[in-house]
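Participant: Can you build the whole structure from these sequences, using the hints too?
Protein chains in written order, with the numbering used here: chain A, 1 to 103; chain B, 104 to 732; chain C, 733 to 1265; chain D, 1266 to 1442.
Everything labelled a hint here was simulated from the structure, so no lab data went into it.
A portion of the hints provided could be inaccurate.
[Stated by the list, open to error] A few chain A positions that, by computed beta-carbon distances, are all more than 10 Å from chain B: (1) Leu22; (2) Asp60; (3) Ile68.
[As the list claims (entries may be wrong)] Stretches of chain B that chain A covers, calculated by requiring three or more beta carbons in the stretch to come under 8 Å of a beta carbon on chain A: (4) 291 to 302; (5) 438 to 446.
Glycine included, every Cβ here is placed at the ideal spot set by N, Cα and C.
Listed below, chain by chain, are the residues.
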Amino acid sequence: MIAEIPMEHGLLIAAVLFCLGLLGLLVRRNLIIMLISVEIMLNAAGLAFIVAGAHWGQPDGQVMFIFILTMAAAEVAVGLAVILQFYWKHHSLDADLASTMKG
Amino acid sequence: MYDLVWLLPALPFAGFLVLTLGGPRISRGACAWIACSTVGISTAIMLAFAVGFLIHPPAEHAHTLTLWRWIPLEAVGIPFSLRLDTLSQAMASVITGVGFLIHLYSTEYMKMDPDYNRFFAYLNLFVGFMLLLVLADNFVLLLVGWEGVGLCSYLLIGFWYRDPANGRAARKAFVVTRIGDAALLIGIFLIFAELGTLHIPEVLALAPERWELGSGVALAAALLILGGAVGKSAQLPLQTWLPDAMAGPTPVSALIHAATMVTAGVYLIARTHGLFELAPPAMQTVAVIGSVTLFTAACAALVQRDIKRVLAYSTISQIGYMFLALGVGAWAGALFHFMTHAWFKALLFLAAGAVINALHHEQDLFRMGGLRKKLPLVFWTFLIGAACLAALPLVTSGFYSKEKLLWDVWISPYGGPWFWAVAMAGAFVTALYSARLVALVFFGPARTQVSARPGGRVGFVLVILAIWSLIGGGIELPHTFAHVTVFSDFVAMTIPTLVELPPGLDAQLWTLLAVASVIVVAGATLGAWLYGAGAPAREALAARTGAVHRFLMNGWEFDRLYDTILVRPYVRLAEWNRADGVDKAVFLITGLTRAAHVAIQRTQHGQLRRYAAGVATGAVIILLIMLFQ
Amino acid sequence: MILFWLIALPALGGVFALLAGRRSPEAARWISIAALAAGFALAIPYLGRATETGWLAEFSLPWIPRLGISFHLAMDGLSLLLVLLTYLLGILSVVVSWRSIDRRVGFFHFNMLWILTGTIGVFIATDLFLFFFFWELMVLPMFLVIGIWGHENRNYAAIKFFIFTQASGLLLLVAIVGLAFAHFHTTGVLTFHYDELLGAELTAVAQMWLMLGFFVAFAVKVPAFPFHTWLADAHSEAPTGGSVILAGVLLKTGGYGLIRFVVPLFPEASAAFAPYAMAMGVAGILYGAKLAFAQSDLKRLIAYTSISHMGFILLGVFSWNELALQGSVVQMICHGFSTGALFILAGCLYDRIHTRDLSRMGGFRDQAPRMAALGLFFAMASLGLPGLGNFIGEFLVLVGAFQASVPLTVLATLGVVAAAVYSLWIVQRVFHGTPHSSSRITDLNLREFGALAVLLIGLLWFGLYPKPLLDTADKPLRELRNHASERFERATELRRHGEAVFRIPDPGAQTHPVRRTDAPETHRHSAATIALP
Amino acid sequence: MTVAFYITAAIALLTTMRVVTHTNAVHALLYFVISLLSVALMFYLIGAPFVAALEVIIYAGAIMVLFLFVIMMLNVGEEHARQERDWLSRRFWAGPGVLCAALLAITAWVIIETAHPSVGHEVVGARDVGASLFGPYLIAVQLAALLLLGGLVGASHLRRHDRRTPLRTDGGKGGES
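Facilitator: Following this line, the structure appears as structure tokens:
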């Protein structure tokens, strides 16, 4: 049941996914989509770990993925709470409205 | 006995201290007593010293008293010590004598002034510093006296401090002389660097050993000292302060700005004569400065309207004669003229003071007149003073001193007919303006009411000075007359004479005396005619020479020149950079920091997506760097 | 132990004044005076012993032995003079602040005493780390004094003062640490002790940079010409007592540092740099005088005269001969007296008419003859009237400097003319002229008069009989010259002949890591030559 | 099985692209779920069945449902979709596109330049992962637990809706939470 693929293909896919996530983060102004983009990037990083772990036949890559997963869960929880607050305040999900930190 | 020399300056200083600390608690009478008695005792001591020196001079004709070790260093040990020799005695006797008489005069002259005590405190301080100046045996102590008399001059010119004009005159006097003092200071540094000592007799002894005749160092040292002398003695080109200094009370003009302080330059050059002898060009410079000054100042004196300014310019001119004498090496001649000048110029000033007081502080010559009958005592004494100034032949001390001086100029190897001719031209003008003074003040119609007559003390002082001015010349007579050389012998004990009298020149001397007498008499007569009977001719002349008249009136426009090239640029410089340009440079740093702050602040735009873009860009850059390393 | 008390007395006095000030301001003032007077009394007896060689007193405690840092105090004649000056002016500044400070009196005196603590520490610390500690200790209380009790523009002035001194302090710290490490590098001993660092073997480049670090730090304090701009603001905005301390004492730490550290530690580099340093001094003399003349703010004017006077110290120190050094020391003391007195006078005027603006003064002689007389006296002292202390200082500096550089000395001598211009201007503007009808002032009271009289007598004394001063400073200066003169002069010779190049003994060829007394033997030149930056 | 891997990879890429470009948040989310499922399949195919399961359960299941809830709570309607379309005009794409392309090019270059062996020889199962997690990575696990706790507390604190603060509709300043 195991697919033998060159490692660089796996990594390349991860890289493309990552860049797509980054693109989403940069282009979209909707906070929810931005948060999703971040998730895409995390997921891509996880894929890279798994590919690398599979190369060595060791569990460490998967362990790392689990940590990423944990982190993503925590991040999404907090992030969504913040988005909710933001929406109540601004009645919008436009990220560019949040600019009080301007120097 | 000579160890008492410290009392000479100490007594006036003590008087100053008592008067200052006592302040208004001391009554006027007590103040007058303290001031006069301190100077009077100094005079008495001074006379005793002089007599002692004449009868039984001490070894090496000098007595040194070291009071304490002042600046004791390894490289230079400067004691606080006084040196009594014939040169300092000649100076000190005039300072104490004239000083005492002027103190006495002032007790009456200043009696209406609310600041009576302060005036006498300053006068005492001045006499103390002046004595310190002439008694100092090293350059540093000399500087103490030198600057001290400058301070007193400043204080007394600006004595009536409420008028800002007096303050300006006082500051001008101090600053202009300070320019000369800076030169003197540099000269002292040079002497120390070259000779390793500041003790004046040692300097004079060492200089001929270390320096060759005509060497550059000697020239530099002599010229720098000359700079100091020129400033103090109001010679060209630093003469501009003296006419303005007449803003002070008249006794001050008499004491400081005629008799004593302004001749400190003469004293300084005579004191350091050894350095000048090593530098003939410096001698020439002194002579040229003297002759140019004596003529220009005499011309300026001719047209002044203010009686005190006439006398001020005449003082500059007379000191010019002394400088001329110094420049040709006639040390004794210069000092003799200093001495007689001190008497008769003090007399003139004090008499003028009496006139001014009588006329309600009127100083304009053209608003005086006809005082001959109303103030006979003042008239006669003033006349004697003016005659001395003009050097009327045979009867005046001014004649004898000026003739000795001119004769020395004529025969000196440094002098010659040219200098003599200039001096004669000056003598002619001097006679002219002396006659003008007398004519305008005492003859003609009365133009101002006489409001006060001089009292006993003023009269007494005037008479004493007049008598001295008449007979004082007797201590030195041309050898064709009687060959009295008391004074030059006295001075020669300290300064070996440079002008040797060649034998067999009697005919020349007679001729010169005759020529000089004729010129002086002619000048005086012309002056008397112009300002008496010949007034219409004078006015016609004045109308035609208005520009020249103004030019001379303003003292050859030196003030305007210095104002343009020195004073105003300095003031403008000060105004221009009032807020300190260097501070701007500091602000440049602050400004740069702030600009950087603003620039970087722009990146803090608060937009999440652009921060993310920044992070991504950073990642790209870092990866690129890592790749192409 | 007495040295320890010299520092501890003002420090403790400050704390007690702070505590007492809550209840009674008067008590804070008396405590301050008592503490300072006690310190003064403790230090005075050493004057008689100043003819001995070596340190007059030493005190040492281990502090951070791992890094070779100890709490090491030592005093010689030079330090003693400045310590006495500090105490005296400290007392006077408390006296003149008696009425003018009425807010937070306890805290004010705490700050004043801690400034003095730092200053005294600077003068007697012989461990360079400790020296730096005290150096920084001076700054913060002074910042507070200016910032809390100053005049209207005080915040700006305080911050400017703080930034300037902190920036220079940073340089000093870097240079001190650099020196200690350079010493460690050659000898293997890490120490901050002055006596041991005196013998440090340094490469030419290191010597130059370290010297510049020290120099700039001290030049800011002195202040030398391009680094002077903090001074005018700080002086004019500080309260009277602060100005007196600042001008009278704080500036002297810079001069002291130059004499004690810069030249002895780095003779060759100093010799190479001397023409520039002297030129800075002369520039300060002339520039300060020029600016002083242009000011309309009395305290600012006096502040610029300080720059002018302190230029002489720079000129004197870098001439490095007996006359010039003695002159610098005398100048430091006398400048403390004369400028302190002028600031006290300015403070007295401010207390009466609440302005520092010269155009609103004039004619005060009528109403305040005593103040006018004293003002005249101190103006004369400030223009260097012979017979007063400042003249001795300036004259000796100039005579000494003349042997080092003729053109610079000639320029500096022109400064005496400029000094006359601004000094007489003060007298004219404040005391002479017609009085303003609006301003009525009272003459000096006994307290102010007493304070000024002390300074007057001091200046007269130093002018007429400076021997005690010169004798006290003689031994330490002689030792410093014994240590550094030979190398300094050799380097000066080389600079004169070899176009701004100087040579340093090769650190590789070192024989003795300890104090070098056998300079001719170790005098093996390497090829290490550097040109000036 | 290699073919299956590439097909899932293609699906993952395509759906992810739709996530980024879709204007409707719910649709985007659904595309993302598909993307996650594909990635899970890829995990499984290269021998990591355990994390594949986790991916499906936690990521595609729990986290995405969380997103869904929030979107439903916010009740984002047609108006928002139109606004999204405005925001997604072409000019916004240029800069980020170039940046991402650059990043991708560089990473791809690095990946291709270095020689790699193939992967997917053996299955690393849950047992190995578990042994590793509770062996050498124990501390990290505990830290992750703390992180989750922090997330929990943070989320529960932040979601509180303070009725007293007025609703801001000006769209101007604000945004601190």
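Participant: It remains to establish, for every hint, whether it holds in the given structure.
Facilitator: For each hint, the structure was consulted:
Its closest Cβ contact with chain B, about 6 Å, brings leucine 22/A to no more than 10 Å, contrary to its assignment away from the interface. No beta-carbon of chain B comes within 10 Å of the beta-carbon of aspartate 60/A; the shortest separation is about 24 Å. Interface exclusion of isoleucine 68/A from chain B stands, the closest Cβ pair being 18 Å apart, more than 10 Å. Interface restraint, the segment 291 to 302 of chain B with chain A: violated (0 residues with C-beta to C-beta distance below 8 Å; minimum three).
Under the rule that three or more residues need a Cβ within less than 8 Å of chain A, the assignment of the segment 438 to 446 of chain B is violated, with 0 such residues.
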